[in-house]
Amino acid sequence: MPAKIVEVHDLVKYFPIKGGVFQKTIANVKAVDGVSFYIQRGETFGLVGESGCGKTTAGRCVLRLIEPTKGKIIFNGIEITNMKEKELRRLRPKMQIIFQDPYSSLNPRLTIKDIIGEAMVYHGIVSSKDSEKRVKELLDMVGLSSEHINRYPHEFSGGQRQRICIARALSTEPDLIVCDEAVSALDVSIQSQILKLLENLQQKLGVAYLFISHALNVVKYISHRIGVMYLGKMVEAAESEELYSHPLHPYTKALISAVPVPDPKVKRQKIILRGDVPSPINPPAGCRFVSRCPYAMSICKETEPQLQEVASMHSVACHLYKETS
Amino acid sequence: MIQYIIRRLIFSIPVVIGVTLITFILLNVVPGDPVLEMVGKYADPQTVQQIREQLGLNDPLIIQYLRFVFNAVRGDLGKSFKTGLPVSKMIAEAFPTTLKLALSAYLVAIVIGVSVGIISAVRQYSFFDHSMMIVALAGISAPVFWVAVIAQLIFGLKLGWFPISGYYSLKHMILPAIVLGTRFAASIARYTRSALLDVIRQDYIRTARAKGLSERAVIFIHALKNAMIPVVTILGMQLSGLLTGSILTESVFAIPGLGRLSVWALSERDYPLVQGVVLFTAVIYILGNLIVDISYAFLNPRIRLQ
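Respectively, the protein sequence lines represent chains A and B. Position 195 of the first sequence, counted from 1, bears residue number 195 in our numbering, the numbering being contiguous throughout. Position 184 of the second sequence, counted from 1, bears residue number 184 in our numbering, the numbering being contiguous throughout.
No lab work stands behind these hints, which were simulated from the structure alone. You may find that some hints are simply not true.
Here are a few chain B residues that sit away from chain A, every Cβ distance over 12 Å (derived from the structure) [unchecked claim]: (1) Leu-9; (2) Ala-223; (3) Ile-291.
Label-pair restraints from in silico Cβ distances [said to hold, decoys possible]: (4) B:Pro-230 to A:Val-266: 48 to 58 Å; (5) B:Pro-230 to A:Met-83: 29 to 39 Å; (6) A:Asp-140 to B:Lys-225: 24 to 34 Å; (7) A:Glu-67 to B:His-130: 36 to 46 Å; (8) A:Asp-140 to B:Leu-107: 44 to 54 Å.
The beta-carbon is built from N, C-alpha and C at its ideal position, and this holds for glycine as well.
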């Protein structure tokens, strides 16, 4: 089994809501509430869930771009949860991020050469003399012409910009890249190009991805393992194929049934969920999915189900299933 | 770029014409007679008529206006009714003092405003941020003449640190520059803060942090350059405020600059002098805005001047 690049244990992130004259904390948005997962070297772990389920917050907490409230994050065997920012800065080159919006994630004031070259010169990966050569190599790697080196971000299309973001992320030779909805803002045809590119780069460089997306078909395509999140909790985690062929959690089943199949003749039973996602400020006691679950039982309202392994490499947090031990 | 500058200058001609026309109309509409102002209420009517004739005030208004425009185009702004000196010479004498005041006030405003804005944004909601924003709000709201008088009282009379009026040395300029400058510093601080806060929330700032850059590099290399665009706009717009502000400041501190000259010209109904000062100020304002627009191109590569 390859080494784990990231281990996340019981990650919690609450965003306080302040109110009153003295700005006291009156409630908390429980964005991430006890999530655990790991990513192996060279692996893609997909994180899916609908908007507001906490997947982006979880991804940013892993990189400590947001400070976690509780929990433990281990990166390359080193615990970084409470590490000082100064020390963390030395580790940052090894963990990079690609954002959803390729328009806002590139500094409009810098040329491509500076955007891609800055971090590697700053961290002494290459000398400033050699940085131009390396930037050209990286541009070549992501399928952009090295002549573009002195252009500004606004001179590129969305797909090209996302390639620049990828080149920038790769510049520091990272072990992990968090892809936060990295293809959601792109056209479908460009999406597949970028996914293919990410896949090729992974094979070539052995980088691991934490791939965050709400689009299941995208996650299925690129991920080795997938975690499904609902309202700040991980409800199911399994290998990609297993999750698709044998979804266990009612929420996962509903999600998979909602993925469109490009064949009008295929007849499928769609599971349509009732109601809206409850507020993360005041989630239901017991199972968080209870208010929308078609199979809800009385125990679901009282006891919160724990994530447990019910088959090999397949965990689910649901009272319908019993542990395999 | 040169084409752009030329076109901008051509476009500003109607502005200059408008400004002179409005000033001319206003001068002739407001009550008061320049000749009576010169010779006094009890002067012989015949003398008054004679002077009016000499000064060309009996000609139809349109002729008077056109005469002013044609002379102005040739660089002749006429002679002051009151002193008989050429208006251009009087402006040339007064302007350097105003320029010194305005530039030192600008310097005070930018240094204080931008640094307070940056610290407030980086430490949003801290004690420093809250207190500075309250001070800034007070600074924007307080009228210049009041602040000037209070400053004279405290720093001039009570503490005796600075002279309170006249302009004989650089030391005389310190208090007026601070009074005029802090007012603009207040609005610059608020604009810098909000512009920087907008930028700090962008993904490319998160990216810069994720790159592992130091906080200083994130703020100064990545955030500040982007945040400066709205601030530069404000700086340009404040140029006019600085000139009008200098009218009050110069009056309170008795500084012989353009501001004090225009107040004096107005009270004396010295038409050519008023027209000349207004025309000169308008031209300065137009040039100031042009410089601001050109500086955009350097700050923001997305703006290509055409």
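Results of checking the hints against the structure:
no.: 1; hint: Leu-9; result: holds, 29 Å
no.: 2; hint: Ala-223; result: violated, 9 Å
no.: 3; hint: Ile-291; result: holds, 20 Å
no.: 4; hint: B:Pro-230 to A:Val-266: 48 to 58 Å; result: holds, 54 Å
no.: 5; hint: B:Pro-230 to A:Met-83: 29 to 39 Å; result: holds, 36 Å
no.: 6; hint: A:Asp-140 to B:Lys-225: 24 to 34 Å; result: holds, 29 Å
no.: 7; hint: A:Glu-67 to B:His-130: 36 to 46 Å; result: violated, 23 Å
no.: 8; hint: A:Asp-140 to B:Leu-107: 44 to 54 Å; result: holds, 48 Å
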